[in-house]
Amino acid sequence: MSTALLSGDARVEAAPRFPRKRKSISGRSIAILVFLSICAAFFCVPLYVIVTTSFKTMEQIREGAIFSLPSPITFEPWVNAWDHACSGIRCEGLKVGFWNSVAILFPSLVLSLTLSSITGYALALWKVRWAGTFLFILFICAFVPFQIIMIPLIILSSGLKVYGTIWGIAIIHAVLSMPFLTLVFRNYYKGIPQEIMSAAMMDSGSFWRVFGEIIVPMSGNIFIVVLILQVTSIWNDFLLGLTFGGLGTQPMSVVLANVVITTTGEAAYNENMAAALLTAIPPLVIYFILGKFFVQGITAGAIKG
Amino acid sequence: MPRVIFEDIIKSYGKLTVLKNLDLAIDDGEFLVLLGPSGCGKTTLLNLLAGLLDVTAGRITIGDRDVTDLDPKDRGLAMVFQSYALYPTKTVRGNLKFGLAAHKLPAAEIEQRIAWAARLLQIEPLLDRKPAQLSGGQRQRVAIGRALVKKVGVFLFDEPLSNLDAKLRTEMRLEIKKLHDELRSTIVYVTHDQIEAMTMATRIAVMDAGVIQQFGTPDEIYGSPANLFVAGFIGSPAMNLRPATLSVAGGKVAARAAGVDLDVSHYGFLTSPRDGQSVVIGLRPEHFGEPDAAVTDPAGNFSLPVQHSEKTGSDATAYLKFGDGLIATRVDPEQIGRFKQGDTVNISFPQGKLHVFDAQSGRRL
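Protein sequence lines correspond, in order, to chains D and S. For the record, in the first sequence the residue sitting at position 18 is 18 according to our numbering, with numbers rising by one throughout. For the record, in the second sequence the residue sitting at position 126 is 126 according to our numbering, with numbers rising by one throughout.
Honestly, the hints are just simulated from the structure, not real lab data. Errors might be hidden in some of the hints.
When the alpha-carbon atoms are kept at most 30 Å apart in a straight line, the in silico DSSO-like pairs for lysine-lysine are as follows [as the list claims (entries may be wrong)]: (1) D:K127 with S:K340; (2) D:K190 with S:K311; (3) S:K15 with D:K190; (4) S:K104 with D:K127; (5) S:K73 with D:K127.
Some residues of chain D that are not near chain S, with every Cβ distance over 10 Å (derived) [as the list claims (entries may be wrong)]: (6) F67; (7) F75; (8) S206; (9) P217.
We treat Cβ as the ideally placed atom computed from N, Cα and C, and that holds for glycine.
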């Protein structure tokens, strides 16, 4: 309403004396637009095919027109994928994998966020002996590929009697993500003004009290960033779930692969597509929910203004 | 309330030594200002006292307690930081409370202290706001309040006014002074602003290059600066410092600078002057006599051309060409209009206000 008023007022005024020249669209920006459109199509076309196929009946799929819209629309592939799809000889659908993934996700999130935020806090804001060396080792660890330590890890985890269990996968996820997440937290906490920490040292000086009452409330942003990062990487992980998941403890991504690979008779493309989409949805949901909670300016008002 | 004593303090970072064998004793109830240019070690000294930095060698005692190896929270101090350093996620009340709750005070006592500090600093209506919702001056008050509620014997201030605008700074200056008069606690206050130092301090320690150059009351620092650094640092516009040569003849001592003889016979020399000694004479701009009017007991009369002049409202300064440099002299702002560039002005300087320093050591003679 206020904008309408404003534009109404503007019309009463005489034409501006020094109107700005309108910018014409240059050849360069057209080229950029074309390039971006091609990039977008690169991702959108396969997605379109997957989504439409998942709602098609097998009869329509057999006609071979992959770009046609589904008619009639059927939800049966989605129900089948969730409830009855066969992974190997078990035909209980993706739901088993889904719940396994959830059971892996939460303990490993709690573990990795807690451990790495505390370690990062200690390294960034407290005087820790050998902190430099420790950081260097973390840095190296962050770049060690999982494949290199896979076999030793399997031996280690079976020695600890966690191989093939949900907890085993959860702990290994948390441990493997520790180096990188610690560096992320440490760098974030380095950005907290030194004087706030000094004030906290004079006020309390307690490691846990300062962490719990001052630092954690200031860490909303980084926790959300790390949460999104971790949810995506744990949910989408395949290799770790494949090597460490036992029968019945495999995460959704492994079950999906089995569903797609295992075929008796014709390949149920619609069911496979629905299964793929079902697996991809949870991280997307997390993006949409948490994206809103990005808070701007963690130190607003703390220091000079 | 306790005395604070620094004994033989050394602070170095690797090969770089910031504080060199520093000794300082701060009396009970004193308002001590550590004054010096950036990088002189004044903030380092304050952080050593607070326990935020560790001394390389030396001893710090507060009252009868050796606090050299104590943690900051156990030293019985409270500090106000330059950037205020309020906890951004806590309300004003939460900010005041955090330090008290950490010391496990009973809830009633905490409430009572917060109410007391809030009343004293007039921040009662702000108690439930977050720091982001406060103005700069209000944040400063909260920061002071966070220190006050601790009811400790020694308060530390680290350039607390340097982020405020000029008007607010003057107000807060008065208020901190008032607080000190009311509470009578020991205050150690770091600043590079000489006006703050001169107006608030009971004693000032002027620091440069990690060494205390002079330690005394504001009057002593201004009236008889111990060396060239203090002489040049205190006063605005700065003291005119000119190289000169002493001549001693028949009980008369004169300093010759750029062809002008200044009579320094009655100057209170700490060591007896030698003939031909190289010295630096110091003339404060505000001590020159009115132009074209004689002062009683002049040390010397000058006849100098005006180079330029400036007015700051309540004050005016004329810059006169003297030898190959300029000397500043304070002039009545009403009169400043008379001085055109190139005009020659006759001014004299009273004997009692002269300062003489040794050219080599820089020490006051």
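message: So, against the hints stated earlier in the document, which numbers end up violated here?
response: Of the numbered hints, 1, 2, 8 and 9 do not hold.
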